[in-house]
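Colleague: Residues per chain, in single letters:
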Amino acid sequence: DIQMTQSPSSLSASVGDRVTITCRASQDVSNWLAWYQQKPGEAPKSLIYVASRLQSGVPSRFSGSGSGTHFTLTISSLQREDFATYYCQQYNTFPLTFGGGTKVEIK
Amino acid sequence: EVQLVESGGGLVKPGGSLRLSCAASGFTFSDYSMSWVRQAPGKGLEWVSFISGSGDYITYADSVKGRFTISRDNAQNSLYLQMNSLRAEDTAVYYCVRDRIRSGRYGEFLNWGQGTLVTVSS
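First to last, the protein sequences are chains A and B.
Numbering follows this note's numbering, in which position 77 of the first sequence is assigned residue number 77; successive positions increment by one, without gaps.
Counting the second sequence from 1 gives a position; this note's numbering is that position plus 1000.
Read the hints as simulated data drawn from the structure, not as lab findings.
Because the structure is a prediction, the values reported are computed rather than measured.
Be careful, since some hints might not be right.
Where chain A lies over chain B, by a calculated footprint (3+ residues, C-beta under 8 angstroms) [claimed, not checked]:
| hint | region |
| --- | --- |
| 1 | 1024–1030 |
| 2 | 1039–1046 |
| 3 | 1094–1106 |
Computed cross-link-like contacts, BS3-like style, restricted to lysine-lysine with a CA-CA straight-line distance of at most 27 angstroms [said to hold, decoys possible]:
| hint | chain 1 | residue 1 | chain 2 | residue 2 |
| --- | --- | --- | --- | --- |
| 4 | B | K1043 | A | K39 |
| 5 | B | K1043 | A | K45 |
| 6 | B | K1043 | A | K107 |
| 7 | A | K103 | B | K1043 |
Ideal placement from N, C-alpha and C gives every residue a C-beta, glycine not left out.
Start from the sequences, fold in the hints, and give me the full structure.
Modeller: Below, the structure is given as structure tokens:
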């Protein structure tokens, strides 16, 4: 199985900060990598697919990059509504696997 | 508007069974692959099972293989998860999830239901 490792597991940031979350795959997943946002008590929301493409309606302050085994999710200017937990997921191979999550908290 | 509404969760004893359902609307159900993804309390996301639009390709996580069965009824626009031999570690919110596009990469998720809670406890 492909292991997905996210770092950091949590971070504290202020509104307006630039935030970067890293996701590493234990083997090459090409660009078959997605990012999700989840707020407490809610279902996950799809943000990014094929590593860098924004889902419709996702603000442009979100961006994704990377390929192979190293990926990043960047929020260029953190907004209050962005405080949430973020997960990466590979869909190169079954079983599909998720990273452990990164919780973005208010400083 | 795409809607996915799960039902069937509840409290069940270890070794018991439960059948989850997901009612889909707002799209041509038979065109899309579907998955179940679960989340234990306070934990991360775990993919459980996948079924293609026609139902001819099915796969499971090792943690549920042999105990859970995914199925779909395209005439009823419904997805199911039959869960047998339930264990405490199966306690989680179970989400019904749709792939992003009709003929895209399997497991590229877009739409999520609100989830249904399954609690396995004596």
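Colleague: Compare the structure with each hint and give your call.
Modeller: Results of checking the hints against the structure:
Figure legend: the region 1024–1030 of chain B, annotated as covered by chain A; annotation inconsistent (0 residues with Cβ-Cβ distances under 8 angstroms, at least 3 required). Counting residues of the region 1039–1046 of chain B whose beta carbon lies closer than 8 angstroms to any beta carbon of chain A gives 3, which reaches the threshold of three, so the coverage claim holds. Restraint check on the region 1094–1106 of chain B versus chain A: 4 residues with Cβ-Cβ distances below 8 angstroms, three needed, restraint holds. With a C-alpha separation of about 13 angstroms, the suggested pairing of K1043(B) with K39(A) holds against the 27 angstroms cut-off.
Proximity of K1043(B) to K45(A) is assessed by CA-CA distance (about 16 angstroms); at most 27 angstroms being required, the pair is judged to hold. Proximity of K1043(B) to K107(A) is assessed by CA-CA distance (about 23 angstroms); at most 27 angstroms being required, the pair is judged to hold. Between K103(A) and K1043(B) the alpha-carbon distance is near 12 angstroms, which keeps this suggested pair within the 27 angstroms criterion.
Comparing the model with each earlier hint shows a violation of hint 1 alone; every other hint is respected.
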